[in-house]
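**Q** Read in order, the letters of the sequence shown correspond to residues 1 to 108 in the UniProt record's numbering.
There may be inaccurate statements among the hints.
Stated by the list, open to error - Capping the alpha-carbon separation at 16 Å, the derived lysine to aspartate or glutamate pairs in EDC-like fashion look like this:
hint, residue 1, residue 2
1, 62, 96
2, 62, 16
3, 71, 7
4, 47, 29
5, 71, 3
6, 4, 94
Since the hints were made in silico from the structure, they are not lab data.
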Amino acid sequence: MVDKRRELNSRLLQIEKQAISPPAMKGKERRPNCQRCAQHSVLARLKGHKRCCPFRNCPCAKCQVVQERQKLMADQIKLRRRQKKQKNLDALSDSDNLRSIMSNFSSC
1 MVDKRRELNS
11 RLLQIEKQAI
21 SPPAMKGKER
31 RPNCQRCAQH
41 SVLARLKGHK
51 RCCPFRNCPC
61 AKCQVVQERQ
71 KLMADQIKLR
81 RRQKKQKNLD
91 ALSDSDNLRS
101 IMSNFSSC
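Using the sequences plus the hints, can you model the full thing?
**A** Shown next as structure tokens:
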């Protein structure tokens with residue numbers, strides 16, 4: 001998945017190099033812009049933009065790459081959250097097992 005995301009990012013970078021580069025960020029505050037709009041040289045803040053994006057259903061190659069990357073990143077986040085949850089459950093189970101062993105030991 002990581003390799004696929006890197007490939008998609010590099011394809012988008014190549015496309016962006018051909019287009020006009022966006023203005024440089026000032027400070028550390030993130031101000032994400034809609035990537036679909038950006039691929040069409042339109043600067044649109046992402047917040048509150050999802051449902052009204054004019055390129056939401058755009059079939060062009062650039063938007064397809066953005067959509068594929070978004071899906072891939074969503075899958076990675078799901079996987080990461082699932083792994084974290086499983087790790088926490090395993091740690092909880094291990095601590096419960098340790099407590100039961102210790103209580104059995106102390107009762108002897």
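**Q** For each hint, tell me whether it holds in the structure or not.
**A** Hint by hint, here is what the structure shows:
no.: 1; hint: 62 with 96; result: violated, 51 Å
no.: 2; hint: 62 with 16; result: holds, 10 Å
no.: 3; hint: 71 with 7; result: holds, 14 Å
no.: 4; hint: 47 with 29; result: holds, 14 Å
no.: 5; hint: 71 with 3; result: holds, 14 Å
no.: 6; hint: 4 with 94; result: violated, 35 Å
Hints 1, 6 from the list above are not met by this structure, while the remaining hints are.
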